[in-house]
Amino acid sequence: MSTTTTPRAVNRREFLKLTGLAGGGLALAFQIRPARGGSAPAGGDFRPNAFVRVAPSGAVTIVSKQPEMGQGVKTSLPMIIAEQLEVPWSSVNIEQGDFDEKLYGGQSAGGSRSTPNNYDQFHLLGATVRTMLVEAAARTWKVPASECRAVDGTVVHGSGKKLGYGALAATAATLEVPAKEAVRLKEPKDFKLLGRRIAQVDTPRIVTGQPLFGLDLQLPGMRHAVYEKCPAFGGKVVSANLDFVKTLPGVKDAFILEGNGKVKELNPGIAIIADSTWAAFSARRQLKVTWDEGKVAEESWDKFVAEARAKAASPGQRTLRRDGEVEQALASAAKKVSAEYLYPFISHANLEPQNTTAHFRDGRLEVWSPTQVPAAGVGMVTRVLNIPADKITVHLTRAGGGFGRRIGADYLVEAAAIAQRVPAPVKLTWSREDDLRHDQYRPGGLHFLQGGLDAQGRVTAWKNHFFTFGEGGQPGSGGSLSPDEFPGRWIPNFLAEQTMFDTGWPMGPWRAPGSCVFSWVFHSFIDELAHAAGRDPLTFRLELLGTRDEMPAGGGGKGKQGGGYSVARMRNILKFTAEKAGWGKKKFARGSGAGIAFHFSHQGYFAQVAEVTVSKEGQLRVDRFVTGGDVGRQIVNLSGAENQVEGSVVDGLGALLTQELNIERGRVVQGNFHEYPLIRITEAPAKIETHFLSTDHPTTGIGEPAIPPVAPAVCNAIFAATGNRVRQMPLSRVDLRWT
Amino acid sequence: MKYTLSVNGASRSVDVAPDTPLLWVLRDHLELTGTKFGCGIGQCGACTVHLNGVPARACMTPVSTVGRMKVTTIEGLAPAPGKLHPLQQAWTELDVAQCGYCQPGQLMTAAALLRDNPKPTDEDIDGAMAGNLCRCGTYTRIRQGIKRAAELTAGGKGVAQ
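Top line first, the protein sequences correspond to chains A and B. Take 1 as the starting number for the first sequence in the numbering used here and just add one per residue. Take 1 as the starting number for the second sequence in the numbering used here and just add one per residue.
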């Protein structure tokens, strides 16, 4: 039995282009045919491409290439293939693919891009395999393929003849992969699976506690590692009591790693290797280290905040956007509103602490990691540890939460560096304290805003001095304000300036980077302007959006960042959501009220209405939360999509309620959940309602765009309920009492 | 030290330090990794197991204190192999999980709630489940899941009678 590949120029090129896998030699993985004059493929399996396998038994396996962290892609993307393949979902087996971008194309999970990047390709993949199975049946029966059709894992002929996919697999495996022109896609009206509520494929394993996650991995002879880093970011090891630590029970080794001088890569530290996790944890408590903390120890959050306040009225370091004459417009405004908004650094706090298992032997590295971007890990290991990429294997484990944290590869490179010194597979487990104190944080920020209204209550001027945090001369991830960020481009006299504090603090993408805070600031301030104008917050926003349907990128401002913005889609989703929520129709008693906000990010248009009650003692309860979302034509998995929105509402609310890190002398003060409380079930909204509006646009992702309007909707509702305007996160620092 | 534990109805022996938390005995020594490590200080509930039917934080329970208490983990929640507990059934029907990491702990806490209170209200649920964090924010589905499991349990009893 042997198989070989038979490249066919035209078909291959088309197929590869459409699967996003341009590059000649890659076809080998895609099109496996029996050797010339040879026998059937090994096992008789039909493997038309890297994603689908049809066994002679009829069993269909679909490989999920994307990292799964709870966003649901291991279910939703294979659903697309199964839909077009015309195979019952209950008969499909889903397998997690290893990292192999030559075989699968991009495998990065971030930016809500898994769906838009793969949607069309996966339709074509499934439909191509179905077309080949239909062709196989037609050849078997010696009838035209046009007389055959696929139904539920079988091909049927008009005469009543019927063959299962398994029986056709061997014949199908001898066929050319058809060009995309020869493949007919199922129409949305014929969809049986897409748009339905489908439970995640890992549910049976989740609810019965079977191994799934990175931390669950067990390998024969495996050792357990902890890694102690300097509490101050990037600090170096001067000395440590390694000789003593090595004598502790269960400890196999302890050693210092120098690090590569980059705080988001391999930090200096001490590895302790033991025969169990607890032995490693216990030994670590007796570790004594002298650190060289470096200059970062001079940097504290409070000092930066004071400096920002002192500099607020001065010009910023950079002008991000300037339209019209903002000072003149403010001077001649009928009404002027000024406010300071402040939000802190926060952590991702994945519930599964960072971890990776690595095995280094014979110059090769094998890694099991809950990572969102395996390519980043491979790249970092190659760069920092000089292990060539082709000698690195990465197995993707389910991740216990992502939220952008696992785009970073610091924990993966730590595990790899440790594994180079350990003659066995080794699992690195971060403690919760490691996780909270060595995250790559969402940067905090301050905005000093001034707005002007004319006599008719229209916004004529908007000025913002934005203070952000940088690393290496650039704002941290989520710390860059696009000149196109709404309401830039909408207001005739507009000035956005930036001042950046360069720090040694690690920052990274936190779910809907930038958007998750800018939306709160701007939609809160827009609400202030609406109330100053004496207008209804919804009407005011619709007027601000205006009557044009498209707002082009740049819009005449200095910056060309950002992008085209469909004002029409935003108007529609705003009206749709307001209607679903019954905006303006409810009478609220004092202490209760509704707030509204909208945001465009990650190609999704979202509007939200919060209804809250605040007790006289200042206790907040979210009674009802309504979301309207436009992510294009097709919701792939309705249950997964609703779950993402529900989770976004809770996540956005949780960040607003309690989350803040105090960074003092270059280190995070908080260590665990008693000091960094996350939202609990008691604080979750009583009711979350999610509505999708299908529009004639490409299908886009849903992991992030529902987050940004959550906080402003809640804060605007708090104002409606109490007259208290929230200008600081988290709410635990704000007095909400009213009389 | 040698300890013999009763875990999910089976007698299991381990040789570990007396201060080893039950969590790490289960995960590292008995290969029962359904019980999760989240915080190590009893704040997140991901390590919730039952000791003689009472929810306990395995990360705060030294193995030396377990004695003869019956340990039940998520792997032992189902009534029989191939069967699901009504909560597991409800979690599947309602697709409760996102990342799923906290869910074993949620299920163990919820199972004790339902045993003591077969028809919990939202307030009862919030009160019982307040110690279990879900970072993905599946709280509204957890409430629904517990109510659905209550229905399934009541229905099941009806059929059996």
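No lab work stands behind these hints, which were simulated from the structure alone. Check the hints yourself; a few may be wrong.
Stated by the list, open to error - Distance condition first, Cα-Cα at most 25 Å in a straight line; then the derived SDA-like pairs of lysine to any residue: (1) B:Lys83 x A:Lys192; (2) B:Lys147 x A:Leu638; (3) A:Lys252 x B:Glu31; (4) B:Lys83 x A:Thr682; (5) A:Lys687 x B:Tyr3; (6) A:Lys616 x B:Thr92; (7) A:Lys189 x A:Lys687; (8) B:Lys119 x A:Thr682; (9) A:Lys687 x B:Lys83; (10) A:Lys687 x B:Pro62; (11) A:Lys192 x B:Thr92; (12) B:Lys70 x A:Thr682; (13) A:Lys687 x B:Glu31; (14) A:Lys161 x B:Lys147; (15) B:Lys2 x A:Lys616; (16) A:Lys252 x B:Lys147.
Verification of the hints:
Taken as a hint, the B:Lys83 and A:Lys192 pair is broken in the structure, with Cα atoms around 29 Å apart against an allowance of 25 Å. Of the pairs offered as hints, the one joining B:Lys147 and A:Leu638 holds, with about 21 Å between alpha carbons and a cut-off of 25 Å not exceeded. Between the alpha carbons of A:Lys252 and B:Glu31 the distance comes to roughly 21 Å, so the proposed pair stays at or under 25 Å and holds. A distance of roughly 31 Å separates the Cα atoms of B:Lys83 and A:Thr682; the hinted pair therefore is violated under the 25 Å criterion.
Straight-line distance between C-alpha atoms of A:Lys687 and B:Tyr3 comes to about 47 Å, which puts the hinted pair past the 25 Å bound. Under the criterion of a C-alpha separation no larger than 25 Å, the hint pairing A:Lys616 with B:Thr92 is inconsistent with the structure, at around 41 Å. Taking the CA atoms of A:Lys189 and A:Lys687, the gap is about 32 Å. The hint is violated against a cut of 25 Å. Only pairs whose Cα atoms come within 25 Å are accepted, and B:Lys119 paired with A:Thr682 is accepted, the gap being roughly 18 Å.
With a C-alpha separation of about 32 Å, the suggested pairing of A:Lys687 with B:Lys83 is violated against the 25 Å cut-off. Pair hint A:Lys687 plus B:Pro62 does not hold up; C-alpha atoms about 40 Å apart against a cutoff of 25 Å. For the proposed pair A:Lys192 and B:Thr92, the alpha carbon gap of about 20 Å is at most 25 Å, so the pair holds. Restraint check for B:Lys70 and A:Thr682: the C-alpha separation of about 30 Å exceeds 25 Å, so the hint is violated.
A threshold of 25 Å between alpha carbons decides the hint, and for A:Lys687 with B:Glu31 the separation of about 39 Å lies outside it, so the pair is violated. With a C-alpha separation of about 48 Å, the suggested pairing of A:Lys161 with B:Lys147 is violated against the 25 Å cut-off. Distance hint between B:Lys2 and A:Lys616 is unfulfilled; the C-alpha atoms sit about 57 Å from each other, more than 25 Å. With a C-alpha separation of about 49 Å, the suggested pair A:Lys252 and B:Lys147 falls outside the 25 Å cut-off, and the hint is violated.
Checked against the numbered hints listed earlier, the structure breaks hints 1, 4, 5, 6, 7, 9, 10, 12, 13, 14, 15, 16; every other hint is satisfied.
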